[in-house]
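Protein chains in written order, with the working numbering: chain A, 922 to 1251; chain B, 922 to 1251.
Think of the hints as simulated: they come from the structure by calculation, not from any bench.
Any given hint could be a false lead.
If you anchor each label on the Cβ, the simulated ranges turn out as follows [to be verified]:
#	chain 1	residue 1	chain 2	residue 2	range
1	A	Asn-1186	B	Asn-1005	52 to 58 Å
2	B	Lys-1234	A	Asp-935	20 to 26 Å
3	B	Lys-1184	A	Lys-1182	47 to 53 Å
4	A	Phe-1247	B	Asn-960	15 to 21 Å
5	B	Lys-1222	A	Tyr-973	24 to 30 Å
From a predicted model like this one, the values you see are computed outputs, not experimental measurements.
Yeah, the Cβ is synthetic: ideal placement off N, Cα and C, and Gly gets one too.
There are 2 protein chains.
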Amino acid sequence: MKRKNRLSIQEYKDGILSGNRVILSRAITLVESALDDDNELAAKLINEIYPYTGNSYRIGITGVPGVGKSTFIESFGAYLIEQNKKLAVLTIDPSSQKSGGSILGDKTRMEKLSVSSHAFIRPSPAGDALGGVAHKTRETMLLCEAAGYDVIFIETVGVGQSETAVKNMVDFFLLLMLAGAGDELQGIKKGIMEMADSIAITKADGNNLDASRQAKKEYQNALHLFPSNENGWNPQVLLCSALQNKGLEDTWKILTDYYFKMKQNGFFDFNRKEQSVHWMHQTINLYLKRNFYNRPEIIEKLATFEDAVRSGKKHSVQAARELLSFQVNN
Amino acid sequence: MKRKNRLSIQEYKDGILSGNRVILSRAITLVESALDDDNELAAKLINEIYPYTGNSYRIGITGVPGVGKSTFIESFGAYLIEQNKKLAVLTIDPSSQKSGGSILGDKTRMEKLSVSSHAFIRPSPAGDALGGVAHKTRETMLLCEAAGYDVIFIETVGVGQSETAVKNMVDFFLLLMLAGAGDELQGIKKGIMEMADSIAITKADGNNLDASRQAKKEYQNALHLFPSNENGWNPQVLLCSALQNKGLEDTWKILTDYYFKMKQNGFFDFNRKEQSVHWMHQTINLYLKRNFYNRPEIIEKLATFEDAVRSGKKHSVQAARELLSFQVNN
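Please model the complete structure; the sequences and the hints are all you need to start from.
Take a look at the structure:
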């Protein structure tokens, strides 16, 4: 049964391929829907547009709140549009699930981009507790590719569980850091620094310039100690200033340098293929978990079992087996 | 039905609690078994001994082959035995699944420990492709605790998928590194350095001493740039030499320092409780995946679907949904 306000697959497809932003938005809403019949329709739509995907440069951008992420995306996005690129900015922010808000909910934070006909900004989907947010963002990325966007930013806040998911859906992972910031501000999740394909130090201007230069040196030394990348890429550290419009060209140069090197040595395509297989397994895993954790008897009992395990009353394997037995018996 | 060569739960329990090494070994073999009736018996046994677990210091030790891991464990283990500790050394080595061997298979690599009545060495279990190795090692750890071992080393090779699992089952995560080693030798997995609670630089002697001192300084600077730990702990870098028996006391000092600080600020117990809940969910996930991927129709079709996704013929979500539909329909 088709829901009200839903278009036909053909209408979605034609609209997306012709670059119609309104229909693209409605297709994303379909992908983000929690309703079963919407999910069916969305899966069919993705299959239809799948041959038209894969032509964008997928870039993950991570940095904690306060690092100047939206300012960086605003300036860098404007720079890319000047280079005749069409840009889509998507966000994964699991914290928005709780607050009901979203880090990109306030579009006015990106004034220039939000009014440009060459940019498409979409805040974080609601998702569910089982990791569905990243899946939805990945499908949204495919829709944007079919709609002709050449560059796609996937933005995360660097403090949650999303960064590994993002690393597994992008071609390049850019980490934004701030020189001389306190621990609180730098409080990104462990392991993210080692994932970064490059680090951009933001707000490298005025009184902060010397500290930023020093930080660049320190991060370069630190990156040198990290395990080397299987693709032969050496992560770069660069200085940026949105205030002075500095570092944007450098950032794009590093990105294109990476792109051509990875295309040439075969890693770019290899990585995308393996990412696709990865997402097949992730999707299977998500559906298996959803099917289990959404059962009424599991929802009812889960917290009690977690408490029993936490307090040592039950061993974790025993608790797991008991919970699983409800699934088998009911 | 009880299998040949299996003891009763009571016999296992009595043997383990009295510190009988032969019965402990047989109980571990039961835990590692792939047979359903063994799994049932093992789950009951773990429940029985569960109240006697939790009293050891659980230490993860990671380093790539060549870093001197077994030499370090041999000397440090001997040092701990001199301090009247009983030590168990367990290994997770997913690569042993393929070769059929194990990094601890050759016990002669740890001559002193393997003949000591205060040390218990157990090589890596075979496990399965779905991550079952870590689950089995965690249960083996519980059996060793019930048998009275005060310190448990969980050893991994730092190049696979096991380190996150190990981080989630130990109290302290020690990374072994080598100064001035080529990229190949240092080729540990990304993200491991940021997980480490401390780094020990091995073979810091003779001609290597200056380079080791320099490396210590560099790693200390690098660790300083990492995100800070929620528990307030600052990872240390120390120098070790098995040849000169140096750094063992320092290592133990850092470990005890960490232990008392984390006991005092409550992180130690908090972390163990959260780890238990984590393993309940991991166990549920493992069983769900096993139940799915072990179905004959999935085993038969999986490689074809992976190839279709890799070559772009099928979208990953479509492939996942089709594979899942076999489960529903059969």
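**Request:** Please write out, lowest number first, the hints stated earlier that are contradicted by the structure.
**Result:** none
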